[in-house]
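Chain by chain, the residues run as shown.
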Amino acid sequence: MSLEIRGIDKSFAGRNGVQPVLSGVDLSVERGEFVSLIGHSGCGKSTLLNIIAGLQRPDAGEISLDGVPVTEPGPDRAMVFQHYSLLPWMSIYDNVREAAASARPDRTKGDNDSIVERYLRVVGMWPHRSKRPGQVSGGMQQRAAVARAFAVGPKVLLLDEPFGALDALTRGRLQQQLVELWSGESNTETVMMVTHGLDEAVYLADRVVVMAAPPLPSVIEVIDVDIKRPRDKATIVHDPEYQRVYDRLGHLLMHELAPATGW
Amino acid sequence: MGLALAGVAALVLLWQIVASARPHVPSPGATLTELRTLLASPLRNAGPNIGDKGIVVLLGSSLIRLFTGFALAAAVGIPLGFAVGAIEPVRRATNPIIQVLRPVSPLAWFPIALAALSMTPPAAVFTIAITALWPTMINTAFGVGSVPQDHRDVAKVFRFSRAKYIRRVLVPYSIGSIITGLRLSMGVAWMVLVAVEMLAALPGIGGFVWDSYNNNNMPAVAAAILFIGVVGFGLDMILSRIARRFDYSVAR
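Residue numbers (numbering that gives the first Met the number 0), protein chains in the order written: chain A, 0 to 262; chain B, 0 to 251.
Everything labelled a hint here was simulated from the structure, so no lab data went into it. Please note that a few of the clues may not be correct.
Simulated crosslink set (DSS-like; lysine-lysine; CA at most 27 angstroms straight-line) [said to hold, decoys possible]:
(1) B:LYS155 x A:LYS227
(2) A:LYS154 x B:LYS163
(3) A:LYS232 x B:LYS163
(4) A:LYS130 x B:LYS163
(5) B:LYS155 x A:LYS130
(6) A:LYS154 x A:LYS108
(7) B:LYS155 x A:LYS154
(8) A:LYS227 x A:LYS154
(9) A:LYS130 x A:LYS108
(10) A:LYS154 x A:LYS232
Excised from the complex, chain A in its bound form (with noise of 0.2 angstroms):
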C-alpha cells in the first residue's frame, strides 16, 4: 500500500499567536517500505504521524493510501503510542482483544479472538494476558501495544517513539521482534516510526526522513538505507553503509540542525 503525502501545512494556536509546526511536507512511501521519521524536538514528526493516523486534520495538504484521501483513523492504520497507552482497567488481553474487534468489525468473534491469541503469543504476552497493564513492566506493556497495532491488520503501523521509555536490552529484542512481524506473517506492509535515536533509526529503516523545526523547511533531507534483511544488530555497525547514514544524520542533527540551547 503506497503512502502519500503531499503540501502538509499544520499550525498550532499557542499562547504566542499561531505557531508553525509543518509547512510543506511531501514524501512518498512505497508498499513495503521502513520509514524512520527523526528531528529534534518542535519539528512535528509526531503531529505528522497524527496526521497519517487520521487523528489531526492537516491546514492543508492530502493524505492518500493508493489513491484515497485519509481524513479519520481506519483499520488500514494502526499505533503504537509512545506510552503504550493501554486502557489500564482492562486486561491485557482485553486491551488488544476490544482494540482489535472494534477496528476491524468485518470480522467474526471466532476469527478476532485468534488473531488476538496469535500476536500476544508472537510477542510473548499470551503468559501474562490476564494481568492489567499495571502489573508488568513497561516493556511488557509495549508489546502488548505491538500486538495491538498489529492485530487490527493494518497495511500501514505507525510508530511513535515506541520504544523510548525502555531499557537497552528491551529495546533491542523489542526492535527484533517488530521487524520479524513485519517482513513476517503480518498483513503489515509499510511502516513509519518516529523516533529520537540515531542507531535505531538506521537499523530498522529503508529510508531515513531528517526534520526540522519551522522557519526551516519540515523535511530537510531522505536518506536511503542500503542494507540488505535480515539485518543483525550486532555486526550492522561494521557495515560501511550504516556508517556513512549514521555519520551524515549526526552531522545533520547536531551540526547542521543544533538547536541554540540545550546541546
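With chain A's structure known, arrange chain B on it following the hints.
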C-alpha cells in the same frame, strides 16, 4: 497504637479539666455512665417520641434518611455530572448556576422544601439530597472531563463506537472521581443531617441531641457526639474501601 491511646488519654484529661471548671459541661465520667444507659436498651421502640426510642433505632432512622437523600443525589448528580463533564455547551450553560448554588448552606433549602412538601421527613431528605448533590456532580464532571488525550487517541485510532467509548474508557476512567464525590457527599450529608434533624426535631440522632438538650441531659449530648463520630468514621471507611477497588493509579 500506643500514641493513639496517649492522644485519647490527653483529650479525656483536658475534657475532665474543662468539665471541672464549667459545671454545665458534661464530664467524661457522666458521659460514660450515660453511654452505658443508652447501650443497655439500644433497640427500644416504645412509641413515636424520641424519648421512646433506643439509640440504635434512632441511628437507624438517621441512616435511612441519609441513604435516601444520598441515593437521590447520586441518581441525579451522576448523570448530570456526565452531561456537564462531557458536553461543553452543557458545562457552559450550567456553570454559573452551579457556582452560585454550591456555596449555599443546604439548610437554607429546608424551609422551601418544608413549604413545598408540607411534611418534615421528606423535607429533611430533600435537604440531604441537595447537600450530597454538589460534590457528587462536580467530581463526576471533573472525572468525565479529564480523560487523558492518550486514552482518547487509543479510542479514536481503534475506532471505538460511542457506546464502547463510554463503557470502556469514560466510565472506568471517571469511576474514581465519582466515588471520591460520593465519599465527600456522604461526609457532608452526615453532618448536615444532624443539623436538619435538630432543626426539625425529627426522630434520629440529631433529634436526640436536641431532645437531650431540652431535657438538660448534657451527658447524653456528649454521648451522641461519640455515636455520630463513630458512625461517620465507619461510613467513610466503607467508601474508601470501595474507592480502593477502583484505583488504577499504578498504571496511569
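Hint check results:
Taking the CA atoms of LYS155 of chain B and LYS227 of chain A, the gap is about 36 angstroms. The hint is violated against a cut of 27 angstroms. Restraint check for LYS154 of chain A and LYS163 of chain B: the C-alpha separation of about 24 angstroms stays at or below 27 angstroms, so the hint holds. Distance check on the hinted pair: LYS232 of chain A and LYS163 of chain B sit about 41 angstroms apart at the alpha-carbon level, beyond 27 angstroms; violated. Taken as a hint, the LYS130 of chain A and LYS163 of chain B pair is honoured in the structure, with Cα atoms around 21 angstroms apart against an allowance of 27 angstroms.
With a C-alpha separation of about 24 angstroms, the suggested pairing of LYS155 of chain B with LYS130 of chain A holds against the 27 angstroms cut-off. With a CA separation close to 21 angstroms, the supplied pair LYS154 of chain A and LYS108 of chain A stays within the 27 angstroms bound. Of the pairs offered as hints, the one joining LYS155 of chain B and LYS154 of chain A holds, with about 17 angstroms between alpha carbons and a cut-off of 27 angstroms not exceeded. A hinted pair counts as satisfied when its Cα atoms are at most 27 angstroms apart, and LYS227 of chain A with LYS154 of chain A qualifies at roughly 22 angstroms.
Annotation: proposed proximity of LYS130 of chain A to LYS108 of chain A holds, straight-line Cα distance about 22 angstroms (limit 27 angstroms). The hinted pair formed by LYS154 of chain A and LYS232 of chain A meets the criterion: a straight-line CA distance of about 25 angstroms does not exceed 27 angstroms.
When each numbered hint is compared with the structure, violations occur for hints 1, 3.
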